[in-house]
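S.K.: Here the protein sequences line up with chains A and B, keeping their order.
Just so you know, the working numbering puts 179 at position 179 of the first sequence, and the rest follows in order with no gaps.
Just so you know, the working numbering puts 180 at position 180 of the second sequence, and the rest follows in order with no gaps.
By construction, these hints were calculated from the structure, which means they are not laboratory data.
Just to be clear, a hint being listed does not mean it is correct.
Stated by the list, open to error - Distance windows between CB atoms, simulated:
id, chain 1, residue 1, chain 2, residue 2, range
1, A, Leu305, B, Glu81, 48 to 58 Å
2, B, Asp235, A, Arg249, 36 to 46 Å
3, B, Lys110, A, Lys17, 18 to 28 Å
4, B, Thr90, A, Asn158, 52 to 62 Å
5, A, Met351, B, Val11, 47 to 57 Å
6, A, Leu305, B, Gly182, 56 to 66 Å
C-beta: ideal position from N, C-alpha, C; glycine also.
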Amino acid sequence: MDKIITVGVREFIETVKTKTFFITSVLLPLIMLGMIFGSQSIAEMAEKETQPAKHFAVRDESGAVYDELSAQIDQYNEEMSTRPYAFESSEASVEELTQRVIDGDLYAYIVIPSNVLETTDPARAAEAGDEPIAGAGPVMTTLPAGTATCELGRKDGNPEVSERLKMMLNAAIVRVRFATADPPIDYERVSMLRQLVGVRQVDVVSGEETGSDMIRFMAPFGFMFLLFMGTMTISQGLLTSVIEEKSSRVVEVLLSAVSPTQLMAGKILGTVCVGALLMTVWGFVGYSSAQARDLGYLVTSRHLLYAGLYFVPGFLLIAAFLAAAGAACNTIKEAQSMAAPLTIMSIVPMMLWWLIMLNPNSILSVILSYIPPITPFVMILRVCADPDISLLQVITTLGLLWASVLAMIWTAGKIFRVGVLMYGKPPSLKELARWVRYD
Amino acid sequence: MTNAIELNGLVKAYGDFRAVDNLSLDVPAGRIVGFLGPNGAGKTTTIRMIMSIIYPDSGQISVLGRPRAIDVKDSIGYLPEERGLYRKMTIDQTLRYFGKLKGMRGHDLKSRIGECLESVGLGDWRYKKAEALSKGMSQKLQFVTTILHRPELVILDEPFSGLDPINMELLKDLVIDLKAKGATVIFSTHQMEQAQRLCDRLVLINRGRKLIDGTMEEIRSRFSSRILNLEGEGDFTALAGQAGVIDSEVASGNARLEITAETDPTAILRQAIDVARLSRYEIQRLDLHEIFVKLVGEDAGDLDFSEKEPTTGGQR
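Here chain A stands alone, though its shape is the one from the complex (with noise of 0.2 Å):
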């Protein structure tokens, strides 16, 4: 036990003094915080910016929306002063207006039809959905057919100036409905009728009010993300050890003091605690910081303590897997080309954990937590979107990966004993099952 620890301890400092540790353990978290809060002020300094005018000709074959529209766009130079429109009327043909487009005289034309006023019959107005509301996102309904179409032509497909577009041309064809309506009705009025009531969304566990409802819901990605980079990272490590050793020869020298097993449970073990030390620091920087912004529901002491009881076999299931993978092979290279199907597997919840958090208790994500290497990453996702999780399947998933943890452990101390005297061809997979039954 006393050489376990030697071994620990060493594997322990000389992981914490390599740069990966620091860039994992600061630098990345503070990437994924500058993620969460910065893009929004990065997006916002990027508006302030003044770009030149975009300028359209506008062919309005009704005759009746382009004094409107010439109004909404005025109404937008003035909001948004940095990047201006401007507009021409134009008689000119389409083909025309595509020419001077295509020559750069015009950032594009557009093309109001004749028939633009006319509605079809009421059943498939509903259907077509409501006027768009400022600033409520792109128009996501789908027309049904006859409706009049206007037309949009440029050369780039910026999404920004075409949902702009889209919202002022509804906009303005539907005041200038309203006003030639037979009898004329009073738009500002209707607009009042209709207007909308804010919900504000309260966290009945803190019972805070809760900011934005994608911070919400990102949040408990940015755990999983950080809690995946931290323990992929990190043993990682392990295995680029496990095979300095090997490539450096130290490895039998080592062996003349401490058993093959008694290495690799030392590695492990020093690993395992520098996975804990990330951990404490990450979740005592998260909490006390999550705390400080009024964002407590964010990071709850639950969540902590399931991350501390998933993460203690989640690491060592990984740590040890990869200290036979490198134990079996001379190159980093090799080594992660035999590794490739835990790579392979852990992308999984990177994938489905929108599928995940919307529904934490549908058959795929139940199916998921019983896969051992990302049970985990996917019970983590589990437990913030769902408070109420079921303690049975927590208690099963945890013995699943627990028993896992220990077939894995025995199967790595037997490939990592042969292994590490091994130079050469790294093994096949019958080698390695031979290396296995190797008393």
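Fit chain B to the supplied structure of chain A, relying on the hints for placement.
M.R.: Relative to chain A, chain B alone:
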């Protein structure tokens, strides 16, 4: 006299290849014993089994009175053939680490590190990183890691490879010093000259089997033939055919004749005077190198024979 190591009927096979084949051996305590053999003879495999790094398929091992070296690892110093250092650690850190792994602690460890580094002339390098050392220095440092904990049994696998003559002498002195302090030393090498000068006992291994073991005298007594070295102007060819000459290498101006123990060397000398004007005449016993080549050659001959046998058997 007790034995530091006893091996009995040791077998280790990798697939169809028998790396060690029924090897039995005693290493008396307090002696320097050389393991000799060509590359691939099974020396390293045997040493690894002694160290419990790998386990034999069958046979018994006793190391310092225990069946497994793991139980007495702290009393053994092992310098493997495949050896290296942590490049990024300082020499002090490296030695502390290995010292702790061997059960040393505190002040004893600290003073012992200084003492050992001085003895190999690395005292000034204590706080430098291992990557700053030259190859020869690394070799010496590795030797220090082997003997730091004052082991009773020291096993050195090819300790002389990569050393210059001066460091080789230094290492030899250190090995003799170990013996003087009562340690048992085993080393494997294929540098016969070193083995001959340093070892109390020799073990010759080939193809996983022991060809011979004993003291230098014992081994020589089994090979009683003599070597005659002749130099001079004349044609020595006629001497090769003389009675009692087992083997000969004749060139213009010199000849090397191996004669049986019963042959009178002066008879050959008389013949030589008849055919040439001699400038040098020398009688030698076989040196270890020649014995080694002879034994391995005979062993390879056995191999050819045993491989042919099944075929002829099949034809009958």
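S.K.: Run the structure past the numbered hints and jot down the numbers of the failing ones, going up.
M.R.: 2
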